[in-house]
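*Asks:* So you can see what is in the structure, the chains are spelled out below.
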Amino acid sequence: MSRMVDIANHVAAHAVKLARVGVVSAYPITPQTQVIEEISALIDAGEMDCEYIPVESEHSAMAALIGAAAVGVRSFSATSAHGLAYMHELLHWAAGIRLPMVMVNVNRAMGPGWNIWCDHQDSISQRDTGWIQLYCHSHQEVADTVIQAFRISEDPRVILPVMVNYDAFVLSHSYMQAELPEQEQVDRFLPPFRSAWRLDLDNPLTHGSVIYPNDYEEVRLSMHQAHDNARRVIAEAADEYREITGRYHGALVDLYRMEDAEYALVAMGSLASEARVAVDALREDGLAAGLLRVRSYRPFPREELAEGLGGLRAALIIDRDISFGMEGALFSDCKAALYGRSEALLYNAVTGLGGRDVPYTVMVDELKEIAAGKRREPVSWPTVRLNRHHQDSREGMQRCG
Amino acid sequence: MRLKDFPAEELFLKGSAACAGCPGSMALRVAFKALGRNTLLVVIASCTSVLQSPFPYSALGLPVLNMAFATGGAVGAGVSAAVNYLVKKGELRERPTVLVWAGDGGTYDIGIQALSGAAERGDDFIYVCYNNEAYSNTGTQRSGATPYAAWTSNTISGKKEWRKDVAQIMVAHDLPYVATASLAYPTDFFSKMQKAASIRGTKYIEMLAPCPPGWKFPSDSTVRVSRLAVQTGVWLLYEHENGRTTYTAGTKRIIDGQSEQVPVAEYLKLQGRFRHLFQGEEADGRVAEYQQRIDEVLENLRFASKLRERLMDLEIRR
Amino acid sequence: MVKRARKDEDKGRPEDIGIITTLSVPTVGSVGKTGSWRVFVPVKDEARCNKCLLCWIYCPEACISKDIEIDLDYCKGCGICAVECPRKAIVMLKEDKSGGGAP
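Chains as they are written, first to last, in the working numbering: chain A, 1 to 401; chain B, 1001 to 1318; chain C, 2001 to 2103.
In silico SDA-like cross-links for lysine to any residue, where the CA-CA straight-line distance does not exceed 25 Å:
1) B/Lys1088 - A/Gly46
2) B/Lys1004 - C/Cys2049
3) B/Lys1088 - A/Ser40
4) B/Lys1004 - C/Val2028
5) B/Lys1089 - A/Leu201
6) B/Lys1089 - A/Leu205
7) B/Lys1088 - A/Glu37
8) B/Lys1088 - A/Arg194
9) C/Lys2094 - B/Ala1017
10) B/Lys1089 - A/Gln183
11) C/Lys2094 - B/Ser1219
12) C/Lys2088 - B/Val1262
13) B/Lys1004 - C/Ala2047
14) B/Lys1004 - C/Asp2045
15) B/Lys1088 - A/Phe193
16) A/Lys335 - A/Tyr360
17) C/Lys2088 - B/Ser1259
18) B/Lys1088 - A/Ala41
19) B/Lys1089 - A/Asp202
20) B/Lys1088 - A/Tyr52
21) B/Lys1004 - C/Ala2082
22) C/Lys2033 - A/Tyr212
23) B/Lys1088 - A/Ile43
24) C/Lys2051 - B/Asp1005
25) B/Lys1216 - C/Glu2095
26) C/Lys2051 - B/Thr1187
27) C/Lys2066 - B/Thr1187
28) B/Lys1216 - C/Val2039
29) B/Lys1088 - A/Pro204
30) C/Lys2033 - B/Pro1213
31) B/Lys1164 - A/Glu56
32) C/Lys2094 - C/Gly2029
33) C/Lys2044 - C/Asp2067
34) C/Lys2066 - B/Gln1194
35) B/Lys1004 - C/Leu2053
What the hints contain is simulated information worked out from the structure, not anything from laboratory work. No experiment lies behind these values; they were computed from the predicted model shown.
Build out the structure end to end from the sequences listed, making use of the hints.
*Replies:* Below, the structure written as structure tokens:
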């Protein structure tokens, strides 16, 4: 086991190296660039034996990734925000083609304007493409989850691409400690690349030609059922990884002080780390609070949510995204998971967009208000505040006549 | 290379969904004969995506990856990189040829970025653009390859712009091999495919593909139109290798004066998409405009060829 | 009062259908017997044919063998073979579909 103190982007790169990836195809975008820079450096130093394609766009990055996976090689890409959006069409393709693939997405806000800081709008927007989506809350989890992602993706019961998400700058660019497993440990954990099909000269097959209405639905149901299978596989992978390395970050969810909780915070990514502090503070103030961190967003942990929140008085779901015209996406999914199964009151806080800081005190105040029965609206935007900048800008706009 | 030396094996399987007289299936047949079984095929959204027949039966006897419209060059890069990796690891004894097959839509327009990116990187595959000068698969809408004055479903009174030339754009990428081909010259196409397969790097071959429903001519005239395109100088057959362009087959014969240059009207009048060029007051003027453009190009080529001959002559004498 | 979550039941879930993806198998006649498409049928004159192989290589459907046998199960009747034959050894005739075969 080796210990590194580095930015999460570099940690991810080292995990990719340990996973013995054969092809990397990626296009630089802040704040992902250090992932591919570190991979390039590792290849250059002879420490990593893979083919690296410096593609000319993210759409091409995903196209090349699909091509490489189709030949039967473990493949990887990394992107963020607009890069992820640019490959949207092919995200659908990558999931539908039933080939294993892993991609890191550094969660970053969508423009306009150019905001390189973190929120989850980018990956949430790709929710329905069929990708498995995992969210990391620490550098250590990044290291371990990237490796687990290959295991999950290549499992014969799954064969779906996996997106490993972590927050821009808070994780991608901050220096924290992470332990990397030994190569021998990873080799025990990750069997050699396997897939459901490949471009095989000895068994020529055509993939992806025209398919009529009479035949299409089954292809999609198969993908949906693979997501169901993935619930089990994600848990198995986490357990097996713990056996080999001793480290564990939860399976589909990660619970903190939930055993005797009456109220809960629900969050994804680095805000969940902040929420831990909030939980401890609330407990100090006599509130039986707990944290349910959603680790797997797709497949959505329906059962774990229902079990975790079902018996509570209330919960606050924190969304670092907004489904315009509705509410936070995580909030909607949580309510759906509890539908008909619980009388717990659920509330939403949309916050932290575009990298806005969300101190634990905000979470504490929100949950206290909920516990006191004083919360009116189901959805709040607790950290919004119009300021002088908005005023100056609007005055300029109004001069447009 | 003679026709009798072409392999008999058919990797294009009859009973496909192609139109009667389809240039695309014709080109695929010859390409497959040139490359053989040790080939991985990538097909970009185009007529070929459809003519290979719907799930679960395929008219293509090779491993085929169908992919989205804009992705040709990039998928070629990915497949090629993975092949390189497996060869390096000793898991593939013989390196297969990677063949990317795209239409003019996926090459000239939506796919030009990916192609250019791959070409600049020198990713190792053969890229064949079979050019039917429109988006035939979706009902003949205009593309960047649609020639001047051609009818398409969204250039009803004829396209106002002259086409761009992606083969020349590929030459400007300094590729190890760029070539053009015509269905009427199958041995020329066959040897160009085989030469491309023997070279490492990105190879680009553009095949003119006259489309009966799109260009509006009867299904029996596909080869005839392909031949006239070359004989009139509308379509130049060449290969560009090691920084040098050499004209081949029918084009070479025109430049060398061995064949007559056929007036372009003979080519245009066979095609319903140019019907309006022969109607109305401006009819003669517009055909003459076309002829003039071609004459200028061919004159330059004849001149350059004679100049080169003369210079080489002087060299030998010195 | 705190209520326990109610158990969810597996209601009407479709059977696990396993991996199904759009993989197609190379097949002669992938879209059926395309011979049924044609209006005109090619008829070969053995005496005129000198096995130049042009019709073989020009057939867009791979329906003419290298021995110049035409497979009428799949021939779509495009007529290219007849037009290109330098010996006019193939003619296209309106096909009599009632009894089958050329008149």
